[in-house]
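Here the structure of chain A is known, so what remains is to put chain B in place on it, guided by the hints.
So you can see what is in the structure, the chains are spelled out below.
2 protein chains.
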Amino acid sequence: MSKRVAFLGPSGTYTEEAAILHDPDADHIDYPSLPDVVAAVDSGEVDEAVGPIENSIAGSINDIVDSLIGAQNARITGEILLPIDVCLIAPPGTSLASIKRVRSKAEALGQCRKFLSTHLPDAVLEPFDSTAGAAASLADEDGSVAALGPRRAAELSGMAVLQSSIQDRKNNVTRFVVIGREPPERTGVDKTSIVFDFDREDAPGLVYAALKPFADLGINLTKIESRPTGAKIGVYYFLLDFDGHPEDKNVSGALTELQRHTAMFKVLGSYPRAKLPQA
Amino acid sequence: MSKRVAFLGPSGTYTEEAAILHDPDADHIDYPSLPDVVAAVDSGEVDEAVGPIENSIAGSINDIVDSLIGAQNARITGEILLPIDVCLIAPPGTSLASIKRVRSKAEALGQCRKFLSTHLPDAVLEPFDSTAGAAASLADEDGSVAALGPRRAAELSGMAVLQSSIQDRKNNVTRFVVIGREPPERTGVDKTSIVFDFDREDAPGLVYAALKPFADLGINLTKIESRPTGAKIGVYYFLLDFDGHPEDKNVSGALTELQRHTAMFKVLGSYPRAKLPQA
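Chains as they are written, first to last, in numbering that gives the first Met the number 0: chain A, 0 to 278; chain B, 0 to 278.
One should not assume that every hint holds.
No distinction is drawn between identical chains; accordingly, a pair holds when it is met within one copy or between any pair of copies.
[Stated by the list, open to error] List of simulated lysine-lysine pairs, DSSO-like, C-alpha gap at most 27 Å: (1) Lys169 <-> Lys265; (2) Lys211 <-> Lys222; (3) Lys2 <-> Lys274.
These aren't lab readings, by the way, just hints derived from the structure by calculation.
Okay, chain A solo, but in the shape it has when bound (with noise of 0.2 Å):
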């Protein structure tokens, strides 16, 4: 039986890219929300699945740590890095001077503001709900209208792509992260996620104390973030990547000394550092 990879749906998105790319030969299948995602690996009902969790441009998408938190089996076990390419999607022969109307995800039309304006300036632009979605409505229009999206919108859609990487910024990566339920071996290029909160809120030095322990033993932060609770506004915790393993000297020494100081602690997982896909 194939191995089960859920991705937060629908089809024809960047996420289903990174869950092809993960692993081209399992079954792909789509959940309606990253919450959904996270629960379907912790209760066994998939093997592993693929959920963003940073865009180089956008910032963090915290979904899958909040429900990592919660979770009892499922962690981090890796990293993908996408170049997110953002193409213009019309029915096959469609010329660009007929394209009167382009419909995407607000967030990709806001991304592709500098080639609309200067080869489609007259163009309606119409925001959608996914840029799957936009893609796939092309087929009950006739050619006057485009969607913006990744290749796999207009693969599934049967659609053409007339224009490939037409975002205005070209460095546009998503990070995703894979979550399963076995931890991966140690690899001697990890990288390690964790969350923790303290039990007083609003002390000065309290972040700062938690990270004595990590410059004191030359460990390199990768991303530090505070996050609300959504208890109140202003009681945070804090997320922080790091490169290397639990099972490194060092690392086991910080997190020793960090759970001096924190209230919750919760390791997220280590995995092997990702590497950007040569174009």
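This is chain B only, laid out in the frame that chain A set:
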């Protein structure tokens, strides 16, 4: 002439509610994006603007910060805390039993999952581009369709609020910032927001060293965040909010010390600390 206050449109959103709360007598002018909102203040086209910067559940909304980094005159001059109260909106006289479809932004549908599964388990959920648009669209439907959104959206569309505060998590608060050009005077109960980066990447201890002066001088950090720069993944700048004002001696000392470590450094604004409005 009335003061002109820009907000992220469309009308009928929580952001318009915050803009009205900030200055009920101003002309409130909707803009299509947060970068446009900041640019309107920066150029003098409007006097002030209001935009979301952080939600207690969803996390940071960083478009405003990204725009302020490049702004000449625009700065943060205030903050507003607004409880996000999601309403079930339908034509006046609609009964719960007659509702077959519910439409809203996907985020709002997700925030009200418990209410929907308890009270409207058979309703079809329809993702919509904005809560305001969802409420406005009800005018074209029979009484079998409802929307989720702010009270303001019901008012503007001539619809009724069937039930208020239906979100799963009651402590759902959004923090908005006021953008202006003139720095407000020190009140003694102030917050300051800064952004900075380093000229080296991946160096252990940089963040720790940057936070030391704040710990040493007893300054309470209220938020810390690393943000991808968009240049490449893994290259970050840092956002810090803390209690105090650059005219306070300890704050001025910490900022001077901090700048010994940073490459880019900018004060985004100092402003009176907000309290939650009384219910």
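Against the structure, the hints come out as follows:
1. Lys169 <-> Lys265: between (35 Å within a copy, 25 Å between copies)
2. Lys211 <-> Lys222: Both. Shortest intra-copy (15 Å) and inter-copy (18 Å) distances satisfy the 27 Å Cα cut-off.
3. Lys2 <-> Lys274: Within. Shortest intra-copy distance 24 Å satisfies the 27 Å Cα cut-off; inter-copy 51 Å does not.
Against the hints set out earlier in the document, no violation occurs for any number.
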